[in-house]
Amino acid sequence: MVEFEPKIIGFLCNWCSYAGADLAGVSRIQYPSNIRVVRVMCSGRIDPIIPLEVFMHGADGVIVLGCHPGDCHYSEGNLYEERKIKMLKKLLALTGFEPDRLRLEWVSASEGQRFAEVVTEFTEQIKKLGPSPLSGKKPDDRILENLQAATNAASDFRLRVLVGGERELTEKCNVYEEKIPQEEFDSLLEEVVKAEYVRHKIHLLTRAQPLSVRALAGAVEMKPADVLDQIVAMRRRNMIALDHVEGTTPFYKALEVK
Amino acid sequence: MDEKVGAVLVVGGGVAGIQASLDLADSGFKVYLLDESTSIGGTMAQLDKTFPTNDCSMCILAPKLVTAGRHPNIQLITHSELEKVKGKAGNFQITILKHPRLVNVEKCTGCGLCAQNCPTEVPNEFDQNMSMRKAIYVPFPQAVPLKYAIDIENCIKCRLCERICPAKAVDFDQQPETVKINVGSIILAPGFEGFDCHLKTEYGYGRFLNVVSSIEFERMMNASGPFGGKIVRPFDGKIPRKIAFIQCVGSRDAQLGNNYCSAACCMYAIKEAVIVKEHSSNPLDCTIFYMDMRCYGKEFDAYYERAQGEWGIEFVRSRVASVTEDPSTGNLFLHYVEIEEPKEEEFDMVVLSVGMQPPKNVEKLAENLGIKLNKYRFCQTDTFSPLETSKPGIFVCGAFGGPKDIPESVAQASGAASKAMCIIATERGKLIAEKEFPPERDVSQEEPRIGVFVCRCGINIGSVVNVPKVVDYAKTLPNVVYAEENLYTCSQDAQKLVAEKIRQHNLNRVVVASCTPRTHEPLFRETVQEAGLNPYLFEMANIRDQCSWVHMHEHEKATEKAKDLVASMVAKARLLKPLKKPTIEVTPVGLVIGGGIAGMTAALELAKQGFEVHLVEKKKELGGHLLTMHYLFEKDDNPQEKLQAITKAVMENDKIHVYTGAEVVDVYGFVGNFKTRIKRQSGKEKEIDHGIVIVATGAVEYEPTEYLYGKDPRIMTQHELEEQIAKGEFKAKTVVVIQCVGARNEERPNCSRICCGQAMKNALKIKQVSPKTEVYVLYKDIRTYGFKEDYYREAATKGVLFVNYDDERKPRVVDEDGKLKVTFWEPVIKEEVEIGPDVVVLSAATLPNPDNKRIAEMLKVPLTKDGFFLEAHMKLRPVDFATDGVFLCGMAHWPKFIDESISQACAAAARAATILSKKTLDAEGTVAHIDEDLCIGCGVCISICPYKAIAKDENGLAKVNEVLCKGCGTCAASCPERAIMMHQFTDEQLIAQGIAVLRRATHG
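Chains A and B supply the protein sequences, listed in that same order. Just so we're aligned: 193 in our numbering is position 193 of the first sequence, and the numbers increase by one with no gaps anywhere. Just so we're aligned: 10674 in our numbering is position 674 of the second sequence, and the numbers increase by one with no gaps anywhere.
Simulated from the structure, these hints should not be mistaken for lab results. These figures come from a predicted structure and were not determined experimentally. For glycine and all other residues, C-beta sits at the position ideal for the given N, C-alpha and C. Be a bit skeptical, because a hint or two may be false.
Straight-line Cα separation of at most 27 Å, DSS-like style, residue types lysine-lysine; simulated pairs [unchecked claim]:
{"id": "1", "chain 1": "B", "residue 1": "Lys10853", "chain 2": "A", "residue 2": "Lys172"}
{"id": "2", "chain 1": "A", "residue 1": "Lys128", "chain 2": "B", "residue 2": "Lys10557"}
{"id": "3", "chain 1": "A", "residue 1": "Lys172", "chain 2": "B", "residue 2": "Lys10180"}
{"id": "4", "chain 1": "A", "residue 1": "Lys172", "chain 2": "B", "residue 2": "Lys10875"}
{"id": "5", "chain 1": "A", "residue 1": "Lys138", "chain 2": "B", "residue 2": "Lys10557"}
{"id": "6", "chain 1": "B", "residue 1": "Lys10952", "chain 2": "A", "residue 2": "Lys179"}
{"id": "7", "chain 1": "B", "residue 1": "Lys10375", "chain 2": "B", "residue 2": "Lys10360"}
{"id": "8", "chain 1": "B", "residue 1": "Lys10501", "chain 2": "B", "residue 2": "Lys10469"}
{"id": "9", "chain 1": "B", "residue 1": "Lys10761", "chain 2": "B", "residue 2": "Lys10372"}
{"id": "10", "chain 1": "B", "residue 1": "Lys10180", "chain 2": "B", "residue 2": "Lys10238"}
{"id": "11", "chain 1": "A", "residue 1": "Lys179", "chain 2": "B", "residue 2": "Lys10860"}
{"id": "12", "chain 1": "B", "residue 1": "Lys10501", "chain 2": "A", "residue 2": "Lys137"}
{"id": "13", "chain 1": "B", "residue 1": "Lys10180", "chain 2": "B", "residue 2": "Lys10088"}
{"id": "14", "chain 1": "B", "residue 1": "Lys10364", "chain 2": "B", "residue 2": "Lys10391"}
{"id": "15", "chain 1": "B", "residue 1": "Lys10557", "chain 2": "A", "residue 2": "Lys127"}
{"id": "16", "chain 1": "A", "residue 1": "Lys172", "chain 2": "B", "residue 2": "Lys10948"}
{"id": "17", "chain 1": "B", "residue 1": "Lys10086", "chain 2": "B", "residue 2": "Lys10375"}
{"id": "18", "chain 1": "B", "residue 1": "Lys10475", "chain 2": "A", "residue 2": "Lys137"}
{"id": "19", "chain 1": "B", "residue 1": "Lys10952", "chain 2": "A", "residue 2": "Lys172"}
{"id": "20", "chain 1": "B", "residue 1": "Lys10865", "chain 2": "A", "residue 2": "Lys179"}
{"id": "21", "chain 1": "B", "residue 1": "Lys10064", "chain 2": "B", "residue 2": "Lys10731"}
{"id": "22", "chain 1": "B", "residue 1": "Lys10761", "chain 2": "B", "residue 2": "Lys10731"}
{"id": "23", "chain 1": "A", "residue 1": "Lys179", "chain 2": "B", "residue 2": "Lys10948"}
{"id": "24", "chain 1": "B", "residue 1": "Lys10619", "chain 2": "A", "residue 2": "Lys172"}
{"id": "25", "chain 1": "A", "residue 1": "Lys172", "chain 2": "B", "residue 2": "Lys10865"}
{"id": "26", "chain 1": "A", "residue 1": "Lys137", "chain 2": "B", "residue 2": "Lys10761"}
{"id": "27", "chain 1": "B", "residue 1": "Lys10619", "chain 2": "B", "residue 2": "Lys10655"}
{"id": "28", "chain 1": "B", "residue 1": "Lys10088", "chain 2": "B", "residue 2": "Lys10004"}
{"id": "29", "chain 1": "A", "residue 1": "Lys86", "chain 2": "A", "residue 2": "Lys128"}
{"id": "30", "chain 1": "B", "residue 1": "Lys10619", "chain 2": "B", "residue 2": "Lys10860"}
{"id": "31", "chain 1": "B", "residue 1": "Lys10620", "chain 2": "B", "residue 2": "Lys10642"}
{"id": "32", "chain 1": "B", "residue 1": "Lys10918", "chain 2": "B", "residue 2": "Lys10675"}
{"id": "33", "chain 1": "A", "residue 1": "Lys179", "chain 2": "B", "residue 2": "Lys10853"}
Computed beta-carbon distance windows for the label pairs [said to hold, decoys possible]:
{"id": "34", "chain 1": "A", "residue 1": "Asp100", "chain 2": "B", "residue 2": "Arg10503", "range": "47 to 53 Å"}
{"id": "35", "chain 1": "A", "residue 1": "Lys128", "chain 2": "B", "residue 2": "Asp10953", "range": "30 to 36 Å"}
{"id": "36", "chain 1": "A", "residue 1": "Ala208", "chain 2": "B", "residue 2": "Glu10447", "range": "32 to 38 Å"}
One chain only, chain B, in its complex shape (with noise of 0.2 Å):
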């Protein structure tokens, strides 16, 4: 049992187990994703939007669920739990306990017929128990699989269901069932779970209905939660016109044994703040009560701004001490200290945002894999290996490693999905299946012959619509050769009927007449396949989620409608033309610029997966910014032991070329086929072909203008500090170190998210190498996020003062003679403070590097306003550029710490490796195409297409890269010349759809 197994146990389908599936899925292992509920999607499936895009987090999140759902190499394997694990790193064996659903997936079609007549009402968790589901129930309408589950606790066993189930699916005898499987390596992602605010006794949640939790506030925010996406108030139905947002409730909670700091709070209380605003017809008062905003990641100090500015959102900076209700009228008063005077508000509705903690039975889980958890519950890592569980094999990503939020969890899934490849990294593509059709007919000669099968989904249809008219009424449409009706088309039995049936009649295009192409347009695809028939001959008329569901007591017009879109759809069946998937040969070697930390580090990892690396450093020396650091908050670890012992592996791998004092100089080609030309300081230049790139040029810290910077050595950067310590030539009674400059300013807006760890580090630093030292730290909000708050609190326990100070009365130095002086208003005691400090230390800003802009236009990739590179999705795709084959990590894409550089080096490597695994690269059939004797180059959808798909031949003329081409069709929409052809939704086909529906108009 030492070999070692080609497969992937992911625990955890949240947004994070999800990522790790796909990426590992893409990259040919087979995995298991297992989850407690009955569906995929965790935390982020509840949420109503995401910051900082305001995205729709499920209208993003929703896609990932569907390929999850439908990856022929990810088994889902849902409402089940780790029972047993055995063995060791390349072969576990693992024992799941799967609980009975009391419904058989295989026969469920998600009809819902059984939930619309269960009797049994029972609270909907995923709603926060503010609105009802049944005991027959799915959790949320995308959930994935769409399989029905009885909640065995609340039925009452009427076996109502089981009776009018149309497909049979309820099996009340079904018993817990344990399933063994093998894999090479595990990823845990179980997320976290909220605070529980009945704690937190003085704010009153459960005792005063207008408390309520943040995470039940989203719901409320939801279009589709349980007031409608209006939200009242619980105690009177009343819409709110002053909402208090409380922050850190469970975090920065020495009292609650949460002293970390949850790291996602501060901004989704601004966006739930920002949100409800603006859904409110009416006047709003936000107010958001906290201790420091941490608005330390991408682009948030300026979403903050804009909260302030833009929406009006108060902010005001106080730990509330308690929340009192008015019984009467279910108002709340909050008591609060701000600036040392105590207040009293009267508010309508209190939102408490929850923090982080670890997941339920953590415990239970950690013994049966035996990993260590942290003194929060959380699961143990490191710095210099932030995936790595305690024992080999096993890694983490989420929550779960500690608060985080969406992107970082995300980049971590990835992340750990690299880790997980590596270990198994020879037993790539021997475990996952791929499917085989039978040779394509041929039907470009033939005039179209054109099925038409309309499902009854039980009654879902047929109820409403009355399907034989509907039939006959195809029967009657040009090129329809053949018409029947079924019970439930998308039935394994009823598909192989259309399969004879297309061999029966010879038909070369299929209609469905069912449900939404959304989740099943690939099913039937398949099928015509398996019937010889090009994929793209097949389409969908959704007479169910657009007709019989939603006007239901409409029967003749439903049946109309339904006929009409038969017809639309036929329409645009004639007019199908067989395409084929474009495929192109990948180099399975990668590019790393950056021979930092994070360039190192995705350099290793795509070596331990097997494929050859250069990796290119400008400078002479690789280890970047990691070269001036000299100790780090950890106390054992020496980083440049560290550094050392990864620089030596990277040196020493026979897979990784690397090119020091180098430069990329031109970038050439497309995914899976770049050309780059390196040139070495010397001059001499070398061409390599490779297939992905991956950015990790770092950033720069800035050399601050500001507090006599450069004019007097005893004012510098936390960078000399470091240097000056460990010298050991640090020597100083006073110190003073000042916050955020260069940073959150008018110029760079934005938080440089190290600095304030930088100064903690420091600063113990100091009081352990001089107790005696005097430190103040003079900062606007310290923002040391997760388990840095204990940094945090240990500096303040050991001394170091810390005041705040504003925009309007920044602190002032000043050499008297000789004598630094420093002067700042000390808002406690109200007063202008002098101290006369021998060192004053600057926390500089993280500037990109200045290279960026070189290498963006070379990679016609975009930088942010800022200068950092900017991936593909602030939220989703952290480690991707929008353009294909090209990845980022590190400091390049915004200021990190190292565990969070390496974790989204990893995962530019998994990203990578989802394409450098693959002989060739299929692209979908459906992508525009130019007609190059229309085409005039007038370069208008190039300008347009977010992919850069579209650029100039060597006549000047646009071609699409038909494998970048995602199909969106913009283009065809704008070229001047008409010239763009948007393959399966041409103008032909879409004004074909609307015609066809007109013809049978009449009026009156």
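Isolated chain A (complex conformation) (with noise of 0.2 Å):
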């Protein structure tokens, strides 16, 4: 047997990770020929859609590198960076995906040791998982399944206006001048990405065939009245609608979203 050879996909600052990646090859120090490079100006432009793209089409490792904090070349991309991955990695641990697929590092422009080393490391943690369950031949169904409801949740309006309000809302001040602590919002953006995530896996099932609250139930493996607590505020957003009743179930149906 060949040895696993994994496919990472690295999303490179050009300030400082990328002129690192490159000082590392000007000093001709050897890593690992795993990653790819995709040069992007500043890390912060690395939308949590991206890494679930790729991985959907069976990457089985992303690290997204950036500048130091403090040395940003737009300032504090990086910094909205990070929320981005925390919030992603909180949404991948639903879906069964392993989160350690994916990773945030700083590296600067003059630290092509430091760029090699957390590729090696990166490269080691991904061979020691193994290949994505979504790469090869026959992806799990079940998993790309869940990394699709989880790409819709980011695409979401709700999801996506925390994250990105969120340097805002805990950091500076809200329109009320309070700041919110940060645990506070953690908690929150918790509670939005479980029940965002739920609402898009619902979303996908009745889209196939209509189904009953307790089918979902199953499904989601959740008890029917949560379940039907999802379907409540999903009708509120047009996401889904009855369908028909058979005796007394009711069967619900996704409606397209915009």
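Using the supplied hints, reconstruct the complex from the two chains, each of which is provided in its own coordinate frame.
Put into structure tokens, the structure is as follows:
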């Protein structure tokens, strides 16, 4: 058996990390060849959708590298990215796809050695995790569907507005000139990540065919009462509608969202 | 030969020289940037981190190096020296001696094959001789120009490099060359030389291996330094557990002749201590031995506080007498006296904080140019002309004018650029060339037709990656219609070939697989433009730095990876769209807010450069802070006479419109196109159009609430004392001066910078008018940095008594039946002392102008916690705001002396000129675009954008000002509605790049 050679996608910011990778090159520092670098201007450019899409297509690992806090060429793009990756890890944890396949690190332009070390270490970690359940010819359908639900949740307004506004809310002030304590925000985010993920999961399931609360509860591993709560919220947002009733059991069908 | 010349010679390619060059080149002047080294970069390139932001030095410098290297108006003349200067301001004739590099820079591609194979190892100066380089070398990997040079003194002339250089660039027949150029003005930025620690024999440098200089320590800390960033002891390679930093090595040392303070060492020592602790995984103790901690700059004291609290750095107030070594362990013993008690302490390692000295061969330079040096052999300047040498048309910036840190050097550099521009303002734009390209082909209706060019980079890529296989593979990729390999795609003939192939095969997208886009993308973009393509229809795959160089022993894997990287870029190229570079018209008019010395200087500089200026002052009279100043350190200068002359020049200049008793009430618009309403006290309003804003709103003196101030006329501030002395009303037998009143306390943790200087000035004046008066100065640290240290020494010599106090034992001032009593702790005799002065003088803090908040809101620029204006970057953009077209100078930025305010004001004018000198501003095409059908006006992007490039339009929807957008794309990644597209880095393109690589994936 040939040794597993993972495919890792690295998103590197132009000013620090890409420069650090260049320095590793100029200094001829050797590291595993598994990483494929995609250059962006700022790590803050990496929309949560991007790692999710790449994972769905079978990437074994995704690493986002940015400037150290304080070094960002665009002042704070890296700090915004930190929030996004935090959310993304929470979201991945719900899907059955290992969140450890995603990592954010800081590498400066003078840290060629560190770049090589970070890449080596991450490659080792991915090798230990083994091939992605979504790589190869037979991807795990359940996890693929879960990641699709996660992608849809990460595309949706509610989660994005929270993550996009996190630093404003927790570090600066909201409109009432209040700062939200970080712990409070984190627990709110946790809740929203869970809710949005489940809603998009339900949405995907009911897109294929109308389903009952009980059937959905089984599929998403939740109590029927909790599923019903989500359906109520989803109806408000025009994500789902009652399709038909069989006996005493209503069946729901997804509505196409814009 | 009396015609003026629109070119400037800049001597010295450190950060100051580079900044001056960039400002001049961006304002329409030709620049010759001369450096003795084979690369520009100077001392800053050697530093690890920079205070107080702990930015990685190379990270912030490298982009400037690259920009200077590529700027069409800047000609680098490296490895050369100034030989002769003739002529006068406006037209100098310069002779330069170019030393032979023995490498043809036109041909050298910087591949490094020569150095890899060169058999001769030489101590590497860039690493302070702690590592080795080859006899053919570049000083550091990010060198600009990235061209090798042969160190003729060490080369054994085996000619191996000549034989293996694939570009045939090595040329042993090169001879010294004399170059003659004509320039209108000259800027001197030759920097400084570190003090030679050997001369301080008592510290054992050169004898004890574990005693190192601070610049050696910087290299040791650096990740690309000799030890990869891990600090180890030179004696035995062990990791130190206890490091001592000794301050003032070669500074404040009359015995060695350097009485001045080197101004930056206290801060860099703290930085080094903090960083080394931060990096150390083992427990590490750092102790700094100092005389006075001089943390006088912007937020420096806050940094000092953090070093003590957060990082646990120890500070000991003592001049170390000597260092001895235990030869068996290499450990070092510091002998010193602390509060009159002799002490000895053992350390693993000692770092000497070396001072700054004038650059080598400074006498020759001065003689060549006919300029005067001061007594310390730095360039002679004056308070009111800090950037001017003794010879008209020749200007100075950076450490050559006196020891200073990076932000001050950068500000001076821009300031000197302004001075240089003023002389040749009429010649702007005459000597610069603009490149013209053929009209752009419209490819919007065409299917992508991609050409792939794979570079062998000599053997750099070709010897590891199987290039023909990569070419064959590229041909199989969708939309690729042409692929080939080149020996050097970047060589001039290959560039022509690429352009030919574009036309021949009707290519509309180009991918080059070679090295890094960070250095080569601009070059290739020009190539595709020459073939009539939009420059954004180009992409690079980096198969050298990310492939052949880092997987040297895995040829097959490297080839597979190269294929992937090409596939990834082709996938992106298919989705590329031609982008337009947005342009906006510029109103060539400036607005200066504040009519103090900074504001007036900025206005005059702009006017001399030929721009119209509106100068708005809130008070009825111009002059600001300077109106209250009656004498200076320098005995002959009368500040009021100077002020009158400057005010007159402002009033009489017909390009300057002065509004006194007036305020700015509204500012609309953005860079190039501001509209501002000014309201006079009479109530009359006026609206003006302008292209830039300079904020020079000054600062105010703190009104003390402590030490009975305001309750007794015998207790006064420094300003009030000065007034009294000037009026001849001063009379006292004993005076007590208390420093840091209202500063360096809990409410205002930072130092007000100028009060120590003020105290010296006034103490010396008292001794002059009344030599018998006893003067006590109670201080926390005396911060007479730079040459001001001379006045401290003079005051001490004249009998002024200095007594140190700390926060635990502050002095007390009481009124006992009409008699003033001051009680303070005398640390030397360890007793409370009580004296009865006739006058108590308080050195009151300098506070931000209370108007700052209102002005900051109007201009949408930030303030610091203290309430001063906050610049774009504390190190490298000291007079810019992050918002384009808005600048700051003078005490609006931080308390400062007159010469510093003038330097900054000139700097702000130079930075402003880079905008005002252009008819239109061109921005990058890689900007964010908001789809108005999707935007709901939630405002997330507006709060995120660091450049205020996004604002709500009349419909309440977000709109990007393309000229302000810098293309980071954080808004696009954060938009809740996914309504923002980041051109050239769209979601679609980035995902396609990732997926293209995975399509080929096979496991097991």
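**Q.** Earlier hints that do not hold, by number
**A.** Violated: hints 3, 10, 12, 21, 24, 26, 35.
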